[in-house]
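Start from the sequences and build out the full structure, keeping to the hints where you can.
Converting from the sequence shown to our numbering requires adding 1 to each position, the first position being numbered 1.
Heads up, none of these hints are tricks.
Restricting the straight-line Cα-Cα distance to at most 35 Å, the calculated cross-link-like pairs of lysine-lysine (DSBU-like) are:
#1 288 with 108
#2 120 with 288
#3 108 with 120
No lab work stands behind these hints: they were computed from the structure.
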Amino acid sequence: MANSTRPSYGRVWMTFLRNSLIREMTFRGNLIITIVTRGFWFAAQLILFDIIYRNVNSINDWTREEYFAFMATGMLINAIVETFFMPNCANFSELIRNGNLDFVLLKPIDTQFLVSFEKVNLAMLNQVLLAGALLFYSMSQISHFDLGMLALENLVQSGQWLSLLMICCQGAGQIIMYCLLLAVGVAFFYSLMIALASSSIWFGRNQGLYDFWFYITVFARYPRSIYSGSPTGELLRFAFSYVIPILLVVTVPARQLLSKALEPSWITLVSVSVTLALLFISRYIFKWSLNSYRSASS
2 MANSTRPSYG RVWMTFLRNS LIREMTFRGN LIITIVTRGF WFAAQLILFD
52 IIYRNVNSIN DWTREEYFAF MATGMLINAI VETFFMPNCA NFSELIRNGN
102 LDFVLLKPID TQFLVSFEKV NLAMLNQVLL AGALLFYSMS QISHFDLGML
152 ALENLVQSGQ WLSLLMICCQ GAGQIIMYCL LLAVGVAFFY SLMIALASSS
202 IWFGRNQGLY DFWFYITVFA RYPRSIYSGS PTGELLRFAF SYVIPILLVV
252 TVPARQLLSK ALEPSWITLV SVSVTLALLF ISRYIFKWSL NSYRSASS
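Following this line, the structure appears as structure tokens:
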């Protein structure tokens, strides 16, 4: 009988979404300012690297259009994380400080779900749209994309439908794999954030989460290959590839979408495996931290 009264996670999340929309519409000025400032930051990044690529043909093995596709991939992952998880993880310490975590623990639904999804930063959806537009532009400017479209047109005109179907299936598989790798990137950053937020149970406050997010994502803003060539760079490349794969969660999906070789070829497995392990570890840390929590009323 107890299970029958447990609320639907989907319906609960839709309620959270509706409440977030009402909150954003109540403070429209803040919504507009956030969209404008994020748009300015987006434009500044594009202008900066466009200026750089006017002076060089490529950076390492990344051309201008390929790097913009990489940039769009990183922006998509960051925007999704900041839309759904960042405001909630950053607010966890406030739940502890003001005693509202007591009420969260009493709810007949998973506590980590409530802590992770209560708020939705709808202003960041603008960043998702901008990143998607940049990705579409980048892919349309890449030469092998144009050649692929020309080949498809020739197959249609010649009536080679079986070959056309095989190519379409291959392209669809590549897009699906890209989306799955994006999800891996989102899951990786979420795992880091919820594990760090859980430390608020012991430290009382953890207002450095935004700073941590900025510092940790700095490394992911650039392709993994640019860290080679110096002892320090090689050390960073190894640590952030095989210990904490920050360099992989953006580089791997971008290279996969662009059909660029991955070195080593099994590096995708490392990214997925470490992310899955981090999800379980972060879940354990969160539940462990709750066992150490002392109610505000105690």
